[in-house]
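S.K.: Spelled out, the chains give:
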Amino acid sequence: MTVAADASREAEIWRLLAEVHDPELPVVSVVDLGIIRHVRWPGPGGPSIGITPTYCGCPATEAIRAAVQSKLAAAGIRDARIETVLSPPWSSAWLTPAAHRALKAHGIAPPQPGAAVRCPRCDSDATELVSEFGATPCQAHYRCTACLEPFDRFKCT
Amino acid sequence: MSTPTLAAARTACVLRLADTNLVLAQRLGEWIGHAPALEEDLGLANLALDHLGQARLFYGYAAELEGGNRSEDDFAFLRDESAFVNLALAEQPNTDFAFAIVRQLLIDAYQLELYAALERSSDERLAQIAAKALPEVRYHLRYSSGWAVRLGDGTPESQRRMQVALEALWRFTPELFACDAIEQVLAAQSIAPDPAALESRWSASIDPILARATLQRPADASYPWYGKCGVHTEHLGPLLAQMQHLHRAHPGARW
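Protein chains in written order, with our numbering: chain A, -2 to 154; chain B, 2 to 256.
So that you can see chain A by itself, here it is in the shape it has in the complex (with noise of 0.2 angstroms):
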């Protein structure tokens, strides 16, 4: 096996995993939470794939688990090894660009630490927080003083 086919077979994977989405946020892949730390498919033998959880307790990890080995499964690599990542430990400054525009596209306020939070909305600036837990354990929800529509808004980690 050579350097270069175990580059394009991990390549293939990472696209792969590109098209699995979180079931709780299903307009973000799974690659684009961050929270696909590596993939390495050095020799004979399945891919090994570690994933980290958002938080300890997200009810979604069991089911990305099983979405990702699905995935896999259907592209014929039916024999991936999925590990857990607890270090370093996740963050939402993970959150790839593409994954902010999902996000607001979405209507949930993307994380940005120290600037004001923004209605996903109308762009305003003007709004408040209404609990520090909102519909997933990593988001918050804020209500908009200026469309007064309520939205949830990715926690800063």
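It should be emphasised that the hints constitute simulated quantities derived from the structure, not laboratory data. Do not rely on the hints blindly, as some may be mistaken.
Unchecked claim - Computed beta-carbon distance windows for the label pairs:
| # | chain 1 | residue 1 | chain 2 | residue 2 | range |
| --- | --- | --- | --- | --- | --- |
| 1 | A | Ala132 | B | His35 | 15 to 21 angstroms |
| 2 | A | Ser121 | B | Arg202 | 37 to 43 angstroms |
| 3 | B | Phe78 | A | Arg140 | 16 to 22 angstroms |
| 4 | A | Arg140 | B | Glu168 | 33 to 39 angstroms |
| 5 | B | Ala242 | A | His35 | 40 to 46 angstroms |
Where is the CB? At the ideal position from N, CA and C, for every residue including glycine.
Based on the hints, put chain B in the right spot on chain A.
M.R.: Okay, now just chain B, sitting in the frame of chain A:
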């Protein structure tokens, strides 16, 4: 107690961390459908999920350390009350929302110091789990301290209830900082901190919150319970009965 071996102490410590998180998660989960507002229903459920997730990481590590056949589910569902080694504070009931907030505040401020110390543990796995859990705990403390101030510095009734909860739960806090033989062994190896060393930082974090909440810090009392040694208040048994019932009635059942 005779001095435990390093391996026994390490496993015991990991189980204490797991049990405290699991029991607290179960207590928080009892609010689902009963919280004073939908937002708090979601908030308390999210706290419960974080604690459950942390418990699972610790149970998984405990299972590896034991090296036997016990799984995280065996630890959670097939041990009796006296085998649980959670802090007694975590098992105290949801008397009202003030009790839930005070219990959370006292534990959040404690876990913040505990995990910050464990993040520097010589045990790599403990350090990784603590680093993972730390941002969650910081967020929990924002939630619990926000409610503590809002209710304490609120109406006469909310202030009264918060003070009642604080008086009732304060007597369980000495256990957080009491050091036993297990913790001595681990502190000597820089695996876990000496709990006594966390107390001043915990106080420095709690006292300003109590002041802003216009609550009086209760006097320290002698401490008769040692949840982390398996000696529990009468509240843990019913909690476990409810939590374990399904698994014990239908062993090995799967969704």
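S.K.: Of all the hints given earlier, name the ones this structure violates by number, lowest first.
M.R.: 3
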